[in-house]
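Spelled out from the first residue to the last, the chains are:
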Amino acid sequence: MSSKAEILKKIKQNQPEISTDLPDLDLLNSENPNVLETYKTVLKNIGGESVEVANYIEILDFIRKNYALDRRIITTIPELSEVASLNWKNDDPHSLQDVELAIIKGHFGVAENSAIWVTDDILGQRVAPFIAQYLAIIINKSDILATMQLAYKKIGNQEYGFGTFIAGPSKTADIEQSLVLGAHGARGLIVFLLD
Amino acid sequence: MSSEKIISHSEASTRFNKDVERVNWHDETLWFVREKRDKAANLIPDWELLRETASQIKHNVLSNIHDYLVEFEANAQKNGITVHWAADAKEHNEIVHSIMAKHDVKQMVKSKSMLTEECHLNDYLAEKGIEVIDSDLGEYIVQLRKEPPSHIVLPAIHLKKEDVSETFHEHLGTEKGNFNPQYLTESARQSLRNTFLTRKVALTGVNFAVAETGEFVVCTNEGNADMGAHLADVHIACMGFEKLIPQRKHLGVFLRLLARSATGQPITTFSSHFKKPRDGQEMHIVIVDNGRSTQLGREDFRNSLKCIRCGACMNTCPVYRRSGGHSYHNAVAGPIGSILAPNLDMSKNADLPFASTLCGSCTNVCPVKIDIHDQLYKWRQVLVKEGHTPAAKTIAMKTMATVLANPTVFNIAGKSGRFVMKNIPGMVNNKMNKWYDQREMPEVPEESFREWYKKNSRESKAKDNE
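First to last, the protein sequences are chains D and F. If you read the first sequence in the numbering used here, its first letter stands for residue 1, the second for the next number, and so on. If you read the second sequence in the numbering used here, its first letter stands for residue 1, the second for the next number, and so on.
In short, the hints are calculated from the structure, not lab data. Note that the structure is predicted; figures quoted are calculated from it, not measured. Don't take each hint at face value.
With a cut-off of at most 27 Å between alpha-carbon atoms, the simulated DSSO-like pairs for lysine-lysine come out as follows [said to hold, decoys possible]:
#1 Lys90(F) <-> Lys348(F)
#2 Lys422(F) <-> Lys4(D)
#3 Lys9(D) <-> Lys78(F)
From chain D, some residues computed to sit far from chain F (all C-beta separations above 12 Å) [said to hold, decoys possible]:
#4 Leu25
#5 Ser85
#6 Gln97
#7 Met148
All C-beta atoms in this analysis are idealised placements derived from N, C-alpha and C, irrespective of residue type, glycine included.
With these hints in hand, go ahead and build the complete structure from the sequences.
Okay, structure coming up:
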């Protein structure tokens with residue numbers, strides 16, 4: 001007998017006979033009257049930074065003021081082509097190793113943990129938000145949900161090959177519990193909250 | 001006992017306790033993490049309902065795991081993922097090696113996977129001439145030191161920054177005596193970045209696998225699993241079959257609980273959902289049994305399979321905090337490890353269910369409501385019945401049972417005990433008697449409670465007044 005058949009047979013024999021129903025997730029509370037404020041506070045607490053902007057021109061200004069434009073900046077957003085390259089999506093992912101800043105869009109944010117949902121169709125390349133030294137993500141202020149329950153309701157049956165929640169910059173506390181930002185992924189995360 | 005020499009938990013923790021300052025630090029640091037967990041939990045108004053919901057989902061999984069596994073495999077295959085099944089650690093290691101061999105690759109980058117620790121994959125691959133680099137910072141540190149992780153979430157929690165500095169100086173050429181965690185982390189980042197960029201095969205663990213969609217989720221703070229997986233030609237993900245959950249929406253429940261319970265963070269930095277390989281990439285999942293189906297059949301212990309590996313039970317455990325992860329001689333330490341390990345090897349791990357005060361703190365913090373301390377107690381019954389406990393303990397327990405069952409014997413034992421403690425203390429206060437280890441005994445009372453009661457009860461006083 002193959003291992004698969006053997007494992008499944010033993011599981012069938014040993015699993016409890018009485019099955020219980022799956023719980024109703026709608027009983028969990030998802031109320032939050034001020035998701036924007038919660039989002040900003042939580043993001044700050046986990047080492048990220050939020051910037052409220054009215055339009056893409058303000059984002060361009062912010063990038064020009066705060067990042068070295070002679071370093072490699074990539075984006076998926078045509079409105080930002082003045083400061084960032086759009087032409088990298090079909091390159092070998094290893095070639096992104098010298099990227100200083102990646103600017104991408106997120107589907108939505110979650111107030112309770114400041115996570116942003118992104119999928120490969122808007123990432124350009126899967127590795128992009130991880131390999132860049134710094135990361136900036138743009139979300140609409142109106143696209144902030146209170147909890148993860150609502151997040152998965154919104155995701156529903158969305159089709160993707162890869163998707164991830166990103167909450168703050170990459171970090172570690174593996175040396176004596178001292179928090180260090182920038183473990184392997186981005187050293188800093190800016191979230192542009194668009195009107 | 002098995003041929004391999006195992007140092008018992010009590011002996012190993014005696015050694016760990018020799019460095020008083022370090023033990024105190026270890027104790028306080030883990031308690032600090034526990035407190036962060038409390039703060040995070042208190043911010044969620046219906047935290048208890050969330051725990052109950054997670055527990056109910058996992059209950060449902062235990063009863064239907066056969067069907068969910070079949071569903072998961074079919075969906076994963078539809079997504080273009082190759083699914084393998086391993087009955088035990090050996091088969092798991094062979095499968096991983098065969099994938100490496102097929103691609104003729106001799107190097108692997110690995111993110112955190114307690115399952116591969118359980119299967120001793122690194123040692124197996126090293127024998128086959130394959131170099132494995134663990135990329136989680138804590139795991140990287142302990143790997144360089146040729147030690148196992150001492151905690152499932154905080155692998156290097158037994159080390160001080162001075163130890164890490166020494167290790168990095170030796171292996172990475174960092175400045176001697178530079179203890180700055182920022183500097184040390186940056187050095188590891190530089191070194192491991194090169195590893196990520198050059199490895200063709202990446203192995204990751206799995207936090208959750210979704211039957212409904214065939215996708216799996218990997219959670220990290222460092223981004224190391226993603227750096228490895230998205231740059232490699234081949235991604236291998238290894239999971240114990242109990243990682244399954246029924247539907248995608250259930251991730252909402254578990255992702256809310258996992259990091260808050262583990263470290264007090266609202267969520268890990270990255271919660272990555274792998275559904276399909278990227279163009280040109282190969283993706284494999286290895287589903288492992290290795291004793292889990294046996295545990296599923298043990299009614300008293302099957303709930304241990306609900307575990308989501310957050311480590312909250314370790315951080316809160318007074319025994320773990322003061323004995324260190326290595327004293328548990330098992331890939332998963334602490335309270336949860338102590339109920340999982342006897343299932344793998346009863347004789348080798350017979351000491352672990354006794355490494356507990358049964359205070360129940362583990363059960364109180366468990367995000368999926370596993371009755372951990374009850375199971376520890378139940379394992380003790382099984383281990384004694386099956387003859388796995390040391391003879392001295394068995395004799396002591398039997399003697400105790402005789403004394404406690406017979407009032408006359410109890411009386412005499414009490415009297416002679418008080419006499420000896422008072423008049424010939426050396427007979428009990430010596431190295432042979434474990435009760436005197438690090439403990440001062442109270443002053444010997446003049447009389448027992450029974451004697452006092454005889455004199456002072458209402459009946460005897462009434463008699464005196466007659």
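Structure-based check of all given hints:
| no. | hint | in the structure |
| --- | --- | --- |
| 1 | Lys90(F) <-> Lys348(F) | holds, 18 Å |
| 2 | Lys422(F) <-> Lys4(D) | violated, 66 Å |
| 3 | Lys9(D) <-> Lys78(F) | holds, 23 Å |
| 4 | Leu25 | violated, 6 Å |
| 5 | Ser85 | holds, 19 Å |
| 6 | Gln97 | violated, 6 Å |
| 7 | Met148 | violated, 4 Å |
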